[in-house]
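K.L.:
As a plain string of letters, each chain reads:
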Amino acid sequence: MAIDPTAAHTATPAATPPATAADLDDDIYVEGADWESVVDAVSDDHITVNMGPQHPSTHGVLRLVLDLDGETVTRLTPIVGYLHTGIEKNTEVRTWVQGTTFVTRMDYLSPFFNEAAFCLATEKLLGIEVPERAEVVRVILLEFNRIASHLVWLATGGMELGSTTVMEFGFREREHVLDLFEAQSGLRMNHAYIRPGGLAQDVTDDFLERSAALVDLLTERMRDYEDLLVENPIWHARLKNVGHIDADTCLRLGVTGPVLRAAGVPWDLRKAQPYSGYERYEFEVPTRTEGDSFARFLIRLEEMRQSMHIIRQALELLPGGPVMVDDKRIAWPSQQSLGADGIGNDPDYIRHIMGESMEALINHFKLVTQGFTVPPGQVYVPVESPRGELGYAVTSIGTNKPYRVHVRAPSFVNLQAADVMARGQGVADVVVVVASLDPVMGDVDR
Amino acid sequence: MSHVTPVPGTSPSVGAQLPTTTTGVAGRSALSLDDIAQRITVRFPAVRAEQAFGELTLHVEPDDLLEVVTFCRDDDELSCELLSDLSGVHWPAGEHTIARQTSTTGWPDYRVSREQGVVEVLYILRSVSRNHHFRISAGTVDTSPRLPSVTGVYPTANFHEREVYDFFGVEFDGHPDLTRILMPDDWVGHPHRKDYPLGGIDIPYKNDKFIPPPHERDLREVID
Chain G
1 MAIDPTAAHT ATPAATPPAT AADLDDDIYV EGADWESVVD AVSDDHITVN
51 MGPQHPSTHG VLRLVLDLDG ETVTRLTPIV GYLHTGIEKN TEVRTWVQGT
101 TFVTRMDYLS PFFNEAAFCL ATEKLLGIEV PERAEVVRVI LLEFNRIASH
151 LVWLATGGME LGSTTVMEFG FREREHVLDL FEAQSGLRMN HAYIRPGGLA
201 QDVTDDFLER SAALVDLLTE RMRDYEDLLV ENPIWHARLK NVGHIDADTC
251 LRLGVTGPVL RAAGVPWDLR KAQPYSGYER YEFEVPTRTE GDSFARFLIR
301 LEEMRQSMHI IRQALELLPG GPVMVDDKRI AWPSQQSLGA DGIGNDPDYI
351 RHIMGESMEA LINHFKLVTQ GFTVPPGQVY VPVESPRGEL GYAVTSIGTN
401 KPYRVHVRAP SFVNLQAADV MARGQGVADV VVVVASLDPV MGDVDR
Chain S
1 MSHVTPVPGT SPSVGAQLPT TTTGVAGRSA LSLDDIAQRI TVRFPAVRAE
51 QAFGELTLHV EPDDLLEVVT FCRDDDELSC ELLSDLSGVH WPAGEHTIAR
101 QTSTTGWPDY RVSREQGVVE VLYILRSVSR NHHFRISAGT VDTSPRLPSV
151 TGVYPTANFH EREVYDFFGV EFDGHPDLTR ILMPDDWVGH PHRKDYPLGG
201 IDIPYKNDKF IPPPHERDLR EVID
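First to last, the protein sequences are chains G and S.
All the letters of the first sequence, read from the start, carry residue numbers 1 to 446 under the numbering used here.
All the letters of the second sequence, read from the start, carry residue numbers 1 to 224 under the numbering used here.
Chain G on its own, in the form it takes in the complex (with noise of 0.2 Å):
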């Protein structure tokens, strides 16, 4: 006899006398009522509990079967899907560039790096490259967005411990960032700014000062961090020799990223293969060896001040010039200027199609409703992602629409390795487990 689940709510303990070892199945069902009775009936104490897919400690919609030895978790189950959006499909019926305002929704925390990977794609099958400008810009956009989502990160890790301080801090420190994405794209997140060919627009000079003190800023709030996490013993307490992964079984369970280089693989896609110009930028990739949670912790702080060091190089460097490539079938106008009434125009470019040119006018017509199209063949172009690597497999046939759009999320892979982090741990430390792998269930299930 099964226990009824739906049951167990109105029976009083009296009513219900406790079930035998021999009554019951495999599965036990427990809820919170009849938590004494189960308990009492059960000889040994395997039991599988759900976990998600509405926890406050998942990190999204995430959904955790735990088969638990008492407290200790001797197997983990991670069930995804609940966010299935279907936006790989979807960019299969859009042009191009519309493809941009899909893919930078996956991860929305790290959107440009969705959009960068998908625009390095349609550039590779195009064959073009992009201005130096709009090189460089990216990079000093793809590194505060790694900083941001490291600080989500941050924040909501140390939530899910029980820290709401460093939530604060975290969080106080990414709204910033994306105060400084809102005044540059228009939009905090998901921004579609970087698009195939280059930018949607020019930065500004008011972005480009506000990024320089942003960036001092946050060197000096890094410090906080270090102060308030490095030496603190409840940290040490939750995080060390928890959720411990050796580079060996993060390779065969295709862990990339912050996770393999905590534990000692200095595998980062910016050095490897250098996409973007980021062969030119002095940085350093930092390794532990540790393979745990606060190994982990440790190689993220440290990643958003190697990012930081990037930014800063990429502001000296910044050229002059275009954010557009120069192939009108391909560039949409993008040195706009804000307008009186409050609209981003190119007056140019207006006078251009308006006035002086019929064929720039059809050009213009054919290339925002039709969009350019794209020589056929398949291209897979990885980036280094703050989770990992973020590979985008891209089929085209030469039409104005992407064939198949297959997204290498670094999250879906990463959470294969949960079960391995957390066998053994407590089932409090399957939060830090969960947390410490950091996935994006937005970039899980697509």
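Hints should not be assumed to be uniformly reliable.
To be verified - Which bits of chain G does chain S cover? Going by a derived footprint, with three or more residues having C-beta under 8 Å, they are:
{"hint": "1", "region": "84–91"}
{"hint": "2", "region": "143–152"}
{"hint": "3", "region": "370–381"}
{"hint": "4", "region": "409–421"}
What the hints assert, rightly or not - Below 25 Å or equal to it, Euclidean Cα-Cα: the simulated BS3-like pairs (lysine-lysine) are:
{"hint": "5", "chain 1": "G", "residue 1": "Lys401", "chain 2": "G", "residue 2": "Lys89"}
{"hint": "6", "chain 1": "G", "residue 1": "Lys366", "chain 2": "G", "residue 2": "Lys328"}
{"hint": "7", "chain 1": "G", "residue 1": "Lys401", "chain 2": "S", "residue 2": "Lys194"}
{"hint": "8", "chain 1": "S", "residue 1": "Lys194", "chain 2": "G", "residue 2": "Lys89"}
{"hint": "9", "chain 1": "G", "residue 1": "Lys89", "chain 2": "G", "residue 2": "Lys366"}
{"hint": "10", "chain 1": "G", "residue 1": "Lys366", "chain 2": "G", "residue 2": "Lys401"}
As the list claims (entries may be wrong) - Computed beta-carbon distance windows for the label pairs:
{"hint": "11", "chain 1": "G", "residue 1": "Arg188", "chain 2": "S", "residue 2": "Asp177", "range": "53 to 61 Å"}
{"hint": "12", "chain 1": "G", "residue 1": "Asn241", "chain 2": "S", "residue 2": "Gly189", "range": "44 to 52 Å"}
{"hint": "13", "chain 1": "S", "residue 1": "Gly54", "chain 2": "G", "residue 2": "Ser357", "range": "32 to 40 Å"}
{"hint": "14", "chain 1": "G", "residue 1": "Asn90", "chain 2": "S", "residue 2": "Arg114", "range": "40 to 48 Å"}
{"hint": "15", "chain 1": "S", "residue 1": "Pro108", "chain 2": "G", "residue 2": "Ala213", "range": "52 to 60 Å"}
{"hint": "16", "chain 1": "G", "residue 1": "Met358", "chain 2": "S", "residue 2": "Glu171", "range": "33 to 41 Å"}
{"hint": "17", "chain 1": "G", "residue 1": "Glu316", "chain 2": "S", "residue 2": "Phe53", "range": "31 to 39 Å"}
{"hint": "18", "chain 1": "S", "residue 1": "Val141", "chain 2": "G", "residue 2": "Thr85", "range": "25 to 33 Å"}
{"hint": "19", "chain 1": "G", "residue 1": "Gln370", "chain 2": "S", "residue 2": "Arg146", "range": "33 to 41 Å"}
{"hint": "20", "chain 1": "S", "residue 1": "Glu171", "chain 2": "G", "residue 2": "Ile234", "range": "48 to 56 Å"}
{"hint": "21", "chain 1": "S", "residue 1": "Asp35", "chain 2": "G", "residue 2": "Arg423", "range": "34 to 42 Å"}
Just so you know, the hints here were simulated from the structure itself, not pulled from any lab data.
We treat Cβ as the ideally placed atom computed from N, Cα and C, and that holds for glycine.
Following the hints, complete the assembly by docking chain S onto the known chain G.
P.N.:
Only chain S this time, still in chain G's reference frame:
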């Protein structure tokens, strides 16, 4: 790559050392695409190598797939420790013509005629120690798609193969738990196949509202 640095923390001396597993990352240079292709085609003459966009694709028969993938992992020259990506593409049967704006691009229209539809499964194998990567492509008929599972060689393929099964219906022999992963468990059909209808089918959401297929759709209704 000699850019390894310890992170300031509680025990910086530990961070300064590298475990033996990473010596390869620092030490060995990447093989060129030609060398990779030659290394594999010499061992497996049936494999067809193709280069485009600076990427190498190796077309492998499904029967040879496991052997080739295992060779790529275990061979000292290739040493592909990481299966980076695994994805599917559906190429349906029948006549297909897509206009490609010949007037502006100069390309002929896309015309393809296939007697048998194919689901192409693409594996990106990567060597972290040597820093090279390439693609393996295995095709299977789309009427009863079936491929050997590589989970025994690369455990990371577990989620990937479940995703390809979910979206394309490819059954991977030897997969430990081949169930749907992103779509609901009771979903009918495999939505990333090109023969999967876009509308015109029952959708269990949207207040059970029936959405007609695109060519029968009234745009004014959609806007409402």
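K.L.:
Each hint needs a verdict: does it hold in this structure or not?
P.N.:
Here is how each hint holds up against the structure:
{"no.": "1", "hint": "84–91", "verdict": "holds (count 4)"}
{"no.": "2", "hint": "143–152", "verdict": "violated (count 0)"}
{"no.": "3", "hint": "370–381", "verdict": "holds (count 8)"}
{"no.": "4", "hint": "409–421", "verdict": "holds (count 4)"}
{"no.": "5", "hint": "G:Lys401 - G:Lys89", "verdict": "11 Å, holds"}
{"no.": "6", "hint": "G:Lys366 - G:Lys328", "verdict": "11 Å, holds"}
{"no.": "7", "hint": "G:Lys401 - S:Lys194", "verdict": "14 Å, holds"}
{"no.": "8", "hint": "S:Lys194 - G:Lys89", "verdict": "10 Å, holds"}
{"no.": "9", "hint": "G:Lys89 - G:Lys366", "verdict": "24 Å, holds"}
{"no.": "10", "hint": "G:Lys366 - G:Lys401", "verdict": "14 Å, holds"}
{"no.": "11", "hint": "G:Arg188 - S:Asp177: 53 to 61 Å", "verdict": "39 Å, violated"}
{"no.": "12", "hint": "G:Asn241 - S:Gly189: 44 to 52 Å", "verdict": "46 Å, holds"}
{"no.": "13", "hint": "S:Gly54 - G:Ser357: 32 to 40 Å", "verdict": "37 Å, holds"}
{"no.": "14", "hint": "G:Asn90 - S:Arg114: 40 to 48 Å", "verdict": "25 Å, violated"}
{"no.": "15", "hint": "S:Pro108 - G:Ala213: 52 to 60 Å", "verdict": "54 Å, holds"}
{"no.": "16", "hint": "G:Met358 - S:Glu171: 33 to 41 Å", "verdict": "56 Å, violated"}
{"no.": "17", "hint": "G:Glu316 - S:Phe53: 31 to 39 Å", "verdict": "33 Å, holds"}
{"no.": "18", "hint": "S:Val141 - G:Thr85: 25 to 33 Å", "verdict": "30 Å, holds"}
{"no.": "19", "hint": "G:Gln370 - S:Arg146: 33 to 41 Å", "verdict": "39 Å, holds"}
{"no.": "20", "hint": "S:Glu171 - G:Ile234: 48 to 56 Å", "verdict": "49 Å, holds"}
{"no.": "21", "hint": "S:Asp35 - G:Arg423: 34 to 42 Å", "verdict": "40 Å, holds"}
Of the numbered hints listed earlier, those contradicted by the structure are 2, 11, 14, 16.
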